[in-house]
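Protein chains: 2
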Amino acid sequence: MIQTPYLLFLGDAPDQLAAKVAQGIKDWRPDNAVGQFRMPGCGADLGLTDMTLDAAKAAGAKTLVVGVANRGGVISKEWKKVLVNALEEGFDLASGLHNLLADEPDLAAVAKATGRALHDVRVPEVEYPIANGKRRSGKRMLAVGTDCSVGKMYTALAVDEVMRKRGMKSTFRATGQTGILITGDGVPLDAVVADFMAGSVEYLTPDNDDDHWDIIEGQGSLFHVSYSGVTMALIHGGQPDALILSHEPTRAHMRGLPDYALPSLEALRDTALPLARVANPNCQVVGVSINTQHMSEDEAMSYMEGVEKRLGLPTVDPFRNGADRLVDALAAM
Amino acid sequence: MIQTPYLLFLGDAPDQLAAKVAQGIKDWRPDNAVGQFRMPGCGADLGLTDMTLDAAKAAGAKTLVVGVANRGGVISKEWKKVLVNALEEGFDLASGLHNLLADEPDLAAVAKATGRALHDVRVPEVEYPIANGKRRSGKRMLAVGTDCSVGKMYTALAVDEVMRKRGMKSTFRATGQTGILITGDGVPLDAVVADFMAGSVEYLTPDNDDDHWDIIEGQGSLFHVSYSGVTMALIHGGQPDALILSHEPTRAHMRGLPDYALPSLEALRDTALPLARVANPNCQVVGVSINTQHMSEDEAMSYMEGVEKRLGLPTVDPFRNGADRLVDALAAM
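From first to last, the protein sequence lines stand for chains A and B.
Here the first sequence is numbered in the numbering used here, starting from 25 and rising by one per residue.
Here the second sequence is numbered in the numbering used here, starting from 25 and rising by one per residue.
Do not rely on the hints blindly, as some may be mistaken.
[What the hints assert, rightly or not] Below, simulated SDA-like cross-link-like pairs (lysine to any residue); rule was C-alpha separation at most 20 Å, straight line: (1) B:K158 - B:K189; (2) A:K81 - A:V134; (3) B:K158 - A:A285; (4) A:K44 - A:K81; (5) A:K44 - A:E113; (6) B:K158 - A:R293; (7) B:K86 - B:A126; (8) A:K158 - B:A126; (9) A:K189 - A:Y227; (10) A:K158 - B:M192; (11) B:K81 - B:E113; (12) A:K86 - A:G97; (13) B:K86 - B:K136; (14) A:K158 - B:K158; (15) A:K101 - A:P64; (16) B:K158 - A:K333; (17) A:K158 - B:D283; (18) A:K158 - B:L281; (19) A:K105 - A:N94; (20) B:K105 - B:G71; (21) A:K104 - A:R53; (22) A:K136 - A:G96; (23) A:K158 - A:Y227; (24) A:K158 - B:E113; (25) A:K81 - A:K158; (26) A:K50 - A:P38; (27) A:K158 - B:K50; (28) B:K158 - A:P54; (29) B:K189 - B:D235; (30) A:K158 - B:K189; (31) B:K101 - B:T73; (32) B:K158 - A:Y227; (33) A:K50 - A:T195; (34) A:K101 - A:T73; (35) B:K158 - A:P282; (36) A:K158 - B:G280.
[Unchecked claim] One-sided and incomplete, this derived list gives chain A residues near chain B with beta-carbon spacing under 10 Å: (37) M25; (38) Q27; (39) T28; (40) C66.
Simulated from the structure, these hints should not be mistaken for lab results.
For glycine and all other residues, C-beta sits at the position ideal for the given N, C-alpha and C.
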């Protein structure tokens with residue numbers, strides 16, 4: 025688990041998009057973000073207070089989070105200076121970069137000497153068990169997508185936020201690096217060894233109060249041949265009581281697979297629900313989440329009305345409409 | 025890839041069952057087994073010539089294969105003496121034990137000094153790609169089971185054997201440690217990192233002659249919540265043209281999951297086939313393989329007749345009946 029709150033390191037991000045991990049933290053867990061650290065030439069700005077390491081430390085920050093993609097896949101000399109200083113001043117470091125912090129000999133040496141932690145959230149820090157399939161107490165929701173990157177994480181974070189605003193018991197359960205950095209905890213499922221995938225999801229979503237919801241971050245898609253095994257493990261390890269179907273209507277083909285068409289929402293429902301019922305016979309599909317970012321307001325509304333009619337399920341874009349209707353459906357279960 | 029042929033190390037196996045990996049090698053690839061090496065007190069006997077290391081070397085053996093389960097999960101001092109001698113005499117070592125050869129400092133040191141290879145077939149030796157989903161030439165068969173350990177490997181080995189006897193082009197593609205030791209090559213799928221599972225199966229079953237069959241070893245089951253993700257990756261990475269359904273009729277519940285009932289063969293067919301068609305729209309279910317080891321001859325025959333009638337597919341126990349009717353169905357495609 026990563027110590028919060030954070031100082032968000034934006035480095036020399038060329039633009040706002042390069043800082044999207046930091047943006048996610050600020051949007052979804054503002055209490056975790058004490059301030060931002062920008063280097064000369066930084067093209068990103070989260071609108072947080074710019075802080076030196078000293079100032080952030082005084083403000084209570086525990087971890088410097090690399091909230092930016094690095095250029096060329098290497099941790100630059102300029103970054104290193106800041107990261108080493110941060111360790112020396114008592115910060116832990118956390119990163120989701122491919123280029124691991126722990127693989128940098130200088131960072132590893134300083135971390136060891138100062139007793140600070142290096143969190144590479146792409147790498148599992150736990151030895152997960154093999155799944156045992158036992159029914160657990162508490163309720164669980166999982167978003168499943170027609171494709172990868174259709175808004176499953178956004179949907180889960182939005183549902184969690186609404187639930188907590190309503191005073192419901194809810195925990196967002198991160199299964200990818202961005203989600204883990206946002207919340208400080210989770211399972212980097214795509215990096216878990218095959219035999220332990222479903223077990224890692226059981227570990228992530230243990231027994232809980234009967235009225236508590238685990239809102240599990242989805243990964244991949246049952247219809248995406250590169251990652252469908254990861255999705256399958258989430259469905260069986262997560263034992264969801266409720267599925268939400270996620271879709272992006274303007275996509276011409278499956279992400280990265282030009283020869284593969286997207287399935288219909290009906291096909292997704294009819295494939296995912298019977299599989300989910302293997303682990304949880306009471307599982308229901310309760311709503312639909314559409315990512316309409318590439319549609320006009322009119323197009324989006326008319327598309328969602330059509331889906332709602334066809335599937336008979338509350339259908340929203342959580343970004344445009346909020347997640348209230350999805351939470352209504354979950355609360356009614 | 026493991027150098028063949030082998031000297032099969034049976035050690036101090038308490039009984040025949042403890043040597044089942046060696047038995048599999050002898051049964052399915054007799055040409056790979058030059059002889060057996062037994063220690064005092066060994067309770068297993070494959071009926072092969074007992075050989076010293078010297079004699080096996082002279083007979084052409086390249087690798088000493090640990091074909092026995094070790095007691096207590098440790099590689100004993102007595103075993104070590106033989107393994108070290110084997111390295112010194114120029115053998116590579118291969119093993120599927122949990123306790124890795126490479127984790128034993130003395131074995132690692134001698135292997136390094138002598139330039140010999142230690143093959144721990146539980147550990148991937150290759151950096152696999154992420155699956156790209158591109159259609160590959162050649163034909164592929166995959167056995168999918170209602171549960172784990174219902175005879176999928178046996179079925180695949182039997183189909184491969186019949187195909188080769190008939191002069192068809194066929195390659196058994198191992199995806200588990202026993203299969204890898206039998207053939208000397210394959211992917212230890214349960215040990216591959218999640219993101220690369222389907223890619224490792226693509227790597228294992230590349231483009232081939234149009235009339236060549238890859239007979240892919242199945243793993244897990246779509247209905248086994250601990251391992252279903254592995255099965256899913258096999259179905260999508262393998263792009264099978266043909267599925268064979270495998271089942272063990274006397275099992276009271278899913279292996280290791282007392283609260284989970286086995287699905288029907290119909291449920292397996294109706295779940296696996298649409299998923300397989302995501303990657304290969306021409307996929308067909310062509311036959312059924314029943315493991316009748318716990319049934320009398322009469323029970324077995326009457327059960328299989330019933331299945332054949334219900335599903336309209338050739339139904340055999342490859343152990344009792346041979347795999348000819350399955351190969352007939354595959355050859356007719």
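Against the structure, the hints:
1. Taken as a hint, the K158 of chain B and K189 of chain B pair is broken in the structure, with Cα atoms around 31 Å apart against an allowance of 20 Å.
2. Straight-line distance between C-alpha atoms of K81 of chain A and V134 of chain A comes to about 18 Å, which keeps the hinted pair within the 20 Å bound.
3. Between K158 of chain B and A285 of chain A the alpha-carbon distance is near 13 Å, which keeps this suggested pair within the 20 Å criterion.
4. Taken as a hint, the K44 of chain A and K81 of chain A pair is broken in the structure, with Cα atoms around 23 Å apart against an allowance of 20 Å.
5. For the hint linking K44 of chain A to E113 of chain A, the alpha-carbon distance of about 26 Å lies beyond 20 Å, and the restraint is violated.
6. Restraint check for K158 of chain B and R293 of chain A: not satisfied, since their Cα atoms lie roughly 26 Å apart, outside the 20 Å limit.
7. Under the criterion of a C-alpha separation no larger than 20 Å, the hint pairing K86 of chain B with A126 of chain B is consistent with the structure, at around 18 Å.
8. Distance hint between K158 of chain A and A126 of chain B is unfulfilled; the C-alpha atoms sit about 35 Å from each other, more than 20 Å.
9. Distance hint between K189 of chain A and Y227 of chain A is unfulfilled; the C-alpha atoms sit about 26 Å from each other, more than 20 Å.
10. The suggested pairing of K158 of chain A with M192 of chain B is violated, with an alpha-carbon distance near 46 Å, which exceeds 20 Å.
11. Between K81 of chain B and E113 of chain B the CA atoms are separated by roughly 8 Å; this keeps the pair inside 20 Å, and the hint holds.
12. Simply put, K86 of chain A and G97 of chain A have alpha-carbon atoms about 26 Å apart, too far for the 20 Å limit, and the pair is violated.
13. Distance check on the hinted pair: K86 of chain B and K136 of chain B sit about 17 Å apart at the alpha-carbon level, within 20 Å; holds.
14. For the suggested pair K158 of chain A and K158 of chain B, the alpha carbons sit about 38 Å apart, so the restraint of at most 20 Å is broken.
15. At most 20 Å may separate the alpha-carbon atoms for a hinted pair to count; K101 of chain A and P64 of chain A meet this at roughly 14 Å.
16. A distance of roughly 36 Å separates the Cα atoms of K158 of chain B and K333 of chain A; the hinted pair therefore is violated under the 20 Å criterion.
17. Straight-line distance between C-alpha atoms of K158 of chain A and D283 of chain B comes to about 8 Å, which keeps the hinted pair within the 20 Å bound.
18. Distance restraint check for K158 of chain A and L281 of chain B: the Cα-Cα separation of roughly 8 Å lies within the 20 Å cut-off, and the hinted pair is therefore satisfied.
19. Restraint check for K105 of chain A and N94 of chain A: the C-alpha separation of about 15 Å stays at or below 20 Å, so the hint holds.
20. A threshold of 20 Å between alpha carbons decides the hint, and for K105 of chain B with G71 of chain B the separation of about 24 Å lies outside it, so the pair is violated.
21. For a cut-off of 20 Å, the pair hint linking K104 of chain A to R53 of chain A is broken: about 26 Å separates their Cα positions.
22. Between K136 of chain A and G96 of chain A the CA atoms are separated by roughly 27 Å; this puts the pair beyond 20 Å, and the hint is violated.
23. Distance hint between K158 of chain A and Y227 of chain A is fulfilled; the C-alpha atoms sit about 12 Å from each other, no more than 20 Å.
24. Between K158 of chain A and E113 of chain B, the direct Cα distance comes to roughly 50 Å. Violation of the 20 Å bound is thereby established for this hinted pair.
25. About 44 Å separates the Cα atoms of K81 of chain A and K158 of chain A, which puts this hinted pair outside 20 Å; it is violated.
26. Straight-line distance between C-alpha atoms of K50 of chain A and P38 of chain A comes to about 19 Å, which keeps the hinted pair within the 20 Å bound.
27. This hinted pair does not check out: K158 of chain A and K50 of chain B have alpha carbons roughly 39 Å apart, beyond 20 Å.
28. With a C-alpha separation of about 43 Å, the suggested pairing of K158 of chain B with P54 of chain A is violated against the 20 Å cut-off.
29. At most 20 Å may separate the alpha-carbon atoms for a hinted pair to count; K189 of chain B and D235 of chain B meet this at roughly 15 Å.
30. As the CA atoms of K158 of chain A and K189 of chain B are separated by approximately 46 Å, the hinted pair breaks the 20 Å bound.
31. Between the alpha carbons of K101 of chain B and T73 of chain B the distance comes to roughly 25 Å, so the proposed pair goes past 20 Å and is violated.
32. For the hint pairing K158 of chain B with Y227 of chain A, the CA-to-CA distance comes to about 35 Å; that exceeds 20 Å, so the pair is violated.
33. A C-alpha spacing of about 18 Å is found between K50 of chain A and T195 of chain A, which places the hinted pair at or below 20 Å, so the restraint holds.
34. For a cut-off of 20 Å, the pair hint linking K101 of chain A to T73 of chain A is broken: about 25 Å separates their Cα positions.
35. A threshold of 20 Å between alpha carbons decides the hint, and for K158 of chain B with P282 of chain A the separation of about 9 Å falls inside it, so the pair holds.
36. Between K158 of chain A and G280 of chain B the CA atoms are separated by roughly 11 Å; this keeps the pair inside 20 Å, and the hint holds.
37. Evaluation of the M25 of chain A hint against chain B yields a violated restraint, the C-beta minimum of about 21 Å exceeding 10 Å.
38. Because the closest C-beta pair between Q27 of chain A and chain B is about 27 Å apart, greater than 10 Å, the hint is violated.
39. Of the supplied interface hints, the one on T28 of chain A is violated, with its beta-carbon coming no nearer than about 27 Å to a beta-carbon of chain B, more than 10 Å.
40. The beta carbon of C66 of chain A comes no nearer than 31 Å to any beta carbon in chain B, farther than 10 Å, and the hint placing it at the interface is violated.
The earlier numbered hints that this structure contradicts are 1, 4, 5, 6, 8, 9, 10, 12, 14, 16, 20, 21, 22, 24, 25, 27, 28, 30, 31, 32, 34, 37, 38, 39, 40.
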